[in-house]
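Undergrad: Assemble the complex: chain A is given as a structure, and chains B and C must be docked to it using the hints.
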Amino acid sequence: MKYVENAWYVAGWSSEFTDQPLKVTLLETELVMYRLTDGSVCALRDLCPHKLLPLSMGRVEGDTIQCGYHGTVFNATGHCVRVPGQEIIPKRQCVDTYPVFEQHNIVWVWMGDAALADTDTVFDLPQFNDSNWQAHQGDALHIESNYLNVAENLVDPAHVSFVHPTTLGNAQSEDVPVHVNTDSEQITAWRWIRDAPPVGFFKQLGGFKGHVDRWHYYYLHMPSTAVIDFGSADASLAIAEADREQGMRIFALHFLTPVNATHTIDRWMHIRNRAIDDASIGDRMNELFRIAFDEDKVILEAIQQQETRIAESDNPGPVPLRLAIDKGPNEYRKRIEHLLHG
Amino acid sequence: MKYVENAWYVAGWSSEFTDQPLKVTLLETELVMYRLTDGSVCALRDLCPHKLLPLSMGRVEGDTIQCGYHGTVFNATGHCVRVPGQEIIPKRQCVDTYPVFEQHNIVWVWMGDAALADTDTVFDLPQFNDSNWQAHQGDALHIESNYLNVAENLVDPAHVSFVHPTTLGNAQSEDVPVHVNTDSEQITAWRWIRDAPPVGFFKQLGGFKGHVDRWHYYYLHMPSTAVIDFGSADASLAIAEADREQGMRIFALHFLTPVNATHTIDRWMHIRNRAIDDASIGDRMNELFRIAFDEDKVILEAIQQQETRIAESDNPGPVPLRLAIDKGPNEYRKRIEHLLHG
Amino acid sequence: MKYVENAWYVAGWSSEFTDQPLKVTLLETELVMYRLTDGSVCALRDLCPHKLLPLSMGRVEGDTIQCGYHGTVFNATGHCVRVPGQEIIPKRQCVDTYPVFEQHNIVWVWMGDAALADTDTVFDLPQFNDSNWQAHQGDALHIESNYLNVAENLVDPAHVSFVHPTTLGNAQSEDVPVHVNTDSEQITAWRWIRDAPPVGFFKQLGGFKGHVDRWHYYYLHMPSTAVIDFGSADASLAIAEADREQGMRIFALHFLTPVNATHTIDRWMHIRNRAIDDASIGDRMNELFRIAFDEDKVILEAIQQQETRIAESDNPGPVPLRLAIDKGPNEYRKRIEHLLHG
Chain A
4 MKYVENAWYV
14 AGWSSEFTDQ
24 PLKVTLLETE
34 LVMYRLTDGS
44 VCALRDLCPH
54 KLLPLSMGRV
64 EGDTIQCGYH
74 GTVFNATGHC
84 VRVPGQEIIP
94 KRQCVDTYPV
104 FEQHNIVWVW
114 MGDAALADTD
124 TVFDLPQFND
134 SNWQAHQGDA
144 LHIESNYLNV
154 AENLVDPAHV
164 SFVHPTTLGN
174 AQSEDVPVHV
184 NTDSEQITAW
194 RWIRDAPPVG
204 FFKQLGGFKG
214 HVDRWHYYYL
224 HMPSTAVIDF
234 GSADASLAIA
244 EADREQGMRI
254 FALHFLTPVN
264 ATHTIDRWMH
274 IRNRAIDDAS
284 IGDRMNELFR
294 IAFDEDKVIL
304 EAIQQQETRI
314 AESDNPGPVP
324 LRLAIDKGPN
334 EYRKRIEHLL
344 HG
Chain B
4 MKYVENAWYV
14 AGWSSEFTDQ
24 PLKVTLLETE
34 LVMYRLTDGS
44 VCALRDLCPH
54 KLLPLSMGRV
64 EGDTIQCGYH
74 GTVFNATGHC
84 VRVPGQEIIP
94 KRQCVDTYPV
104 FEQHNIVWVW
114 MGDAALADTD
124 TVFDLPQFND
134 SNWQAHQGDA
144 LHIESNYLNV
154 AENLVDPAHV
164 SFVHPTTLGN
174 AQSEDVPVHV
184 NTDSEQITAW
194 RWIRDAPPVG
204 FFKQLGGFKG
214 HVDRWHYYYL
224 HMPSTAVIDF
234 GSADASLAIA
244 EADREQGMRI
254 FALHFLTPVN
264 ATHTIDRWMH
274 IRNRAIDDAS
284 IGDRMNELFR
294 IAFDEDKVIL
304 EAIQQQETRI
314 AESDNPGPVP
324 LRLAIDKGPN
334 EYRKRIEHLL
344 HG
Chain C
4 MKYVENAWYV
14 AGWSSEFTDQ
24 PLKVTLLETE
34 LVMYRLTDGS
44 VCALRDLCPH
54 KLLPLSMGRV
64 EGDTIQCGYH
74 GTVFNATGHC
84 VRVPGQEIIP
94 KRQCVDTYPV
104 FEQHNIVWVW
114 MGDAALADTD
124 TVFDLPQFND
134 SNWQAHQGDA
144 LHIESNYLNV
154 AENLVDPAHV
164 SFVHPTTLGN
174 AQSEDVPVHV
184 NTDSEQITAW
194 RWIRDAPPVG
204 FFKQLGGFKG
214 HVDRWHYYYL
224 HMPSTAVIDF
234 GSADASLAIA
244 EADREQGMRI
254 FALHFLTPVN
264 ATHTIDRWMH
274 IRNRAIDDAS
284 IGDRMNELFR
294 IAFDEDKVIL
304 EAIQQQETRI
314 AESDNPGPVP
324 LRLAIDKGPN
334 EYRKRIEHLL
344 HG
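Residue numbers (the working numbering), protein chains in the order written: chain A, 4 to 345; chain B, 4 to 345; chain C, 4 to 345.
Check each hint, because a few of them may be wrong.
Identical chains blur together in the list; that is why a pair holds if it fits in one copy or across any two.
[To be verified] Think about it this way: if two alpha-carbon atoms lie no more than 30 angstroms apart in a straight line, the pair counts; the simulated DSSO-like pairs of lysine-lysine are: (1) Lys300 x Lys26; (2) Lys330 x Lys300; (3) Lys94 x Lys337; (4) Lys94 x Lys330.
Don't read these hints as lab results, they were simulated from the structure.
Next up, chain A with everything else stripped away, as it sits in the complex (with noise of 0.2 angstroms):
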């Protein structure tokens, strides 16, 4: 399928490279990537031109990386330096590389024009340098479902209380109308839900004893990055929308990894505002969110295997009904066929 291609994706958390060749995969292509000498990440095609063997199965030495099959060395950018057995090094022995940035322990690469490369675009957040906050890793969720069912829904509110009743959602929230602005770079869709109990979340760490009033913020930038600023606040406050400062306040955010057409992997982590020195806390509430955006999986995974069967089908087969509710999701899918196709 087609891909937006001169987007910065995110290729992994810092941690998960050394200096040990690692095999990534991003819109159907295969890297190698590793770390040089000077503790950078480069990022080159996973293909000897050669006899085709995926470089990550050789060995990285210094800077360079040697493919396994004739020994032939390919340098960071690309080019080859050495072909044992032989001098003449051809110039179609090369490899395509791709920027690398990394910031706040989050590991990008540009899948385009490197030319338009520009690492100002790369999503970022003022929270993450700010000593009130506390960031805290979750996992690499891996999904068997497009990138685009997974992005439609971390821009959709209205599932909440149907697929995530016992943590992120519930009763009260099934008929609260959705506010969804387009007018910016991101797209934003939102839901206040006024002195109602707590949802299962906020009961748990929030300490919350009567009613609260709850928030929802549904963020998605272009193509796959989703912020959701959610939080809760004694409702007896009654806070205006623009004090969440007030309330626990969490920023929940989710990186989008296209593999392929029918999987992506979502790598969440969070932000919050409540308890920033307490690493226990950032582990309680990283097992919600496993039990939260589980839900998730299951759903898309089953939508995904809908849409594979029928397009595998003879007869063709039903698209998808939009709903008045699914104004966030319409607006993505339309940004990103004007992205594709101009």
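TA: Frame of chain A; chains B and C shown alone:
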């Protein structure tokens, strides 16, 4: 592939259906089925038109079923009665439904034009309601083969000596010619093996000491229900063909459900005129049937593998060669072709 | 895919063939093979023309084989000699047969035009019948890779230093140039590594203390038989190329059977001029060969995965880049192309 749609197909034994959603696949179409509060069974297309999640992953509430993704609710006639978070329900937010009929602990579904669904045409046998006969349920045998291969096997007495030498056949029948009648709605193939040792089945369950007259009548009803009337009587009685009642007589019933082009469910059971109050005899019969039908399964799956292999090959492959002993199967294929293409 | 059909292919070691039916797949064609009462081996297409059941699921009776479905009987020339239940046997009820030749405990089958099957062209080596040499059978190694990839690897001395650093190669040979001769029926690639430490194989089995002269001669016979003449001699002897007999000399034989486009069986064995009465030495050699050939298998299967991935992708993928060290493999591909397309 194309199937005969205007027909009743077995969706399951009655015991399989409860007030929980059950996914049932017929003719490559996935249905969700459940019992309504009045005890009857309904069948809906197992696909929420919104995001294509199978409705069987949601939950039944009274007579309705709620999608597990966004909480959309459908009633048993396929109409959407609620979309949480929005007031207007689009007309296209509805699902197909299918006529269902339950009789003799068997649930049938009509897969074609509902206006043509006539419950008088559902397969029946007078012995179901005759107190001199006892019905006994068998298994739901999954066979990885096209239903046409399975059905052919059930109007084909010639294979019995070779595939079932220890249970339903023996060497005495190897060269006994087969009669075939194609004059009525069902195709009939039959033969008598007179004055020969009993086969394993009747040796074990009929208590015959000396030679017997043995008969096999295969009745194949379109598109996929088979009745095998088989039995034995003491050879000294020399019974007439019409007097099979005087021997030990069994109707083995096979209800074939085409799941997809390479997967068929064979739900089998029997009705017998001996030991009708002794359920243990029915269980012992089932044990022998299991041995015999597993022998068929091995053959039918091997044939399917060849057919699939040939179909997927670049080279045009061999097509099965029809012999004189195939008169029943040939007529069956011809009738299916006629039902499909007129 | 297309294969060279007018050629002898190894169907198995002699020990694999008995009076029981054996399914053997060559060039995507399934054969059933068994020994006749005179001890010779026959090969029939493994497909009853009636219902396409593999004949290998039936049973051998004397020189004939009976189908397991309807009892049809075929003789070793492929003619049907019995159809139970009917008297006339249709002419088309027959199966293809294939010429078979057995020699040196190896069974060969000719897959093309039987009129061209000349047993004088079956691969042979004088050492098979020479009492100064000892033949020792190895394994049937299944490799999930196209036979062209496997065969290339067997006329490619350049990979040995990198793929087999602990057994058949070492760093001393990395940059030693390869000679290639394409003037005769077989393609020959060879090199000598003079006055260097022995490789693991000869260190363990040759008892060499000091430096040796080591040779590798790769002979590739069309379409898929490889002979590797390799050995070592004390460097102080400074033997001539023609005097390899004076050292420890081994012929490693590889008989490649193309099963299908991504599956090859490599039946390998060796003939040696040392320790010819000590079978345990042969076994120890096999242990080292197993290590080395498993190293090839990993590489060849990874390459096949890339080729398959590229072939199934929507985007035109890279094609292997030929280097100067590929002179042998290049010639091989050219000759195969010529055999296929003239």
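Undergrad: All hints are to be evaluated individually against the structure, with a verdict given for each.
TA: Hint by hint, here is what the structure shows:
1. Lys300 x Lys26: So Lys300 and Lys26 pass the 30 angstroms test inside a copy (24 angstroms) and across (20 angstroms) alike.
2. Lys330 x Lys300: within (22 angstroms within a copy, 51 angstroms between copies)
3. Lys94 x Lys337: between (42 angstroms within a copy, 24 angstroms between copies)
4. Lys94 x Lys330: Classified as between: cross-chain Cα gap 18 angstroms, same-chain 51 angstroms, threshold 30 angstroms.
In the structure shown, no violation is registered for any of the earlier numbered hints.
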